[in-house]
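J.: The primary structure of each chain is shown beneath.
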Amino acid sequence: AQKITQTQPGMFVQEKEAVTLDCTYDTSDQSYGLFWYKQPSSGEMIFLIYQGSYDEQNATEGRYSLNFQKARKSANLVISASQLGDSAMYFCAMREGSFGNEKLTFGTGTRLTIIP
Amino acid sequence: GAGVSQSPSNKVTEKGKDVELRCDPISGHTALYWYRQSLGQGLEFLIYFQGNSAPDKSGLPSDRFSAERTGGSVSTLTIQRTQQEDSAVYLCASSPYFSTDTQYFGPGTRLTVL
Numbered sequence: 663a664q665k666i667t668q669t670q671p672g673m674f675v676q677e678k679e680a681v682t683l684d685c686t687y688d689t690s691d692q693s694y695g696l697f698w699y700k701q702p703s704s705g706e707m708i709f710l711i712y713q714g715s716y717d718e719q720n721a722t723e724g725r726y727s728l729n730f731q732k733a734r735k736s737a738n739l740v741i742s743a744s745q746l747g748d749s750a751m752y753f754c755a756m757r758e759g760s761f762g763n764e765k766l767t768f769g770t771g772t773r774l775t776i777i778p
Numbered sequence: 006g007a008g009v010s011q012s013p014s015n016k017v018t019e020k021g022k023d024v025e026l027r028c029d030p031i032s033g034h035t036a037l038y039w040y041r042q043s044l045g046q047g048l049e050f051l052i053y054f055q056g057n058s059a060p061d062k063s064g065l066p067s068d069r070f071s072a073e074r075t076g077g078s079v080s081t082l083t084i085q086r087t088q089q090e091d092s093a094v095y096l097c098a099s100s101p102y103f104s105t106d107t108q109y110f111g112p113g114t115r116l117t118v119l
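Residue numbers (the numbering used here), protein chains in the order written: chain L, 663 to 778; chain D, 6 to 119.
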């Protein structure tokens, strides 16, 4: 079974609109972390936002927020007021395992294109 | 301060040759990771270092792949007898101490095996 599932291979969104990128995960660990990374065409992976499994509040970082629904095992990324520079690949990732034996597993990504 | 750096940025090699990829983590970061990203794919975990030791080598695809880290800083990923399926972007990331910390990625090395 896939550990991280991103069901939207590509999305087109009008500039200034909000966009939600879906991510569901599968783990039996009680303690885990969820990350979103952005990869522009330059190739570098840019950290956006992190949510710990015990965090009660949804994480927010500027225009990015993570809609964490633990019972549904989903960790969707919401980008408010999208900008042209948001066009990129977006990867959801999950860290699981005990200290010294952790792994970070990435989804297959969503390619987001912002339309002017 | 400086971010994670990787060299070379691009490497073209012939099938059967050995290649060595280098990663310089952010100064002071003790955790270091190697990933592989094939064209249009997500990231595949290869190996994780905590200091100079690698508690998890399970992601290395074959015994042609090896990695080492010396002085708790620079790491090298070596691929022996390269095959065409080794062609990919190899990404390195570091985090301050615990692997629970956010990982910061380098720009990657694009490896092409002809």
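Rather than coming from a laboratory, the hints here were simulated on the basis of the structure. There's no promise every hint is true.
[What the hints assert, rightly or not] The following residues of chain D were derived to be distant from chain L, with all beta-carbon distances above 12 Å:
| no. | residue |
| --- | --- |
| 1 | S14 |
| 2 | K16 |
| 3 | K20 |
| 4 | D23 |
| 5 | R27 |
| 6 | S32 |
| 7 | L48 |
| 8 | D61 |
| 9 | G76 |
| 10 | G77 |
| 11 | V79 |
| 12 | T83 |
| 13 | S92 |
| 14 | L96 |
[Stated by the list, open to error] Derived Cβ-Cβ restraints for the label pairs, each shown as a range:
| no. | chain 1 | residue 1 | chain 2 | residue 2 | range |
| --- | --- | --- | --- | --- | --- |
| 15 | D | G77 | L | S760 | 16 to 26 Å |
| 16 | D | T107 | L | R725 | 28 to 38 Å |
| 17 | L | E677 | D | G21 | 48 to 58 Å |
Just so it is clear, the structure is predicted and the values come from calculations on it, not from any experiment. Backbone N, C-alpha and C fix where the C-beta goes; we use that ideal spot for every residue, glycine too.
J.: The structure should be examined with respect to each hint, and the outcome stated for every one.
T.: Going through the hints against the structure:
1. S14: It is violated; S14/D is separated from chain L by about 10 Å at its closest Cβ, not greater than 12 Å.
2. K16: holds, 14 Å
3. K20: Holds, since 24 Å exceeds 12 Å.
4. D23: holds, 24 Å
5. R27: Holds, since 17 Å exceeds 12 Å.
6. S32: The claim holds: S32/D sits with its nearest Cβ about 18 Å from chain L, beyond 12 Å.
7. L48: violated, 4 Å
8. D61: Given a closest Cβ separation of 6 Å, the condition is violated.
9. G76: Holds, since 20 Å exceeds 12 Å.
10. G77: holds, 15 Å
11. V79: The claim holds: V79/D sits with its nearest Cβ about 19 Å from chain L, beyond 12 Å.
12. T83: holds, 22 Å
13. S92: Holds, since 15 Å exceeds 12 Å.
14. L96: violated, 6 Å
15. G77/D - S760/L: 16 to 26 Å: holds, 22 Å
16. T107/D - R725/L: 28 to 38 Å: violated, 18 Å
17. E677/L - G21/D: 48 to 58 Å: holds, 49 Å
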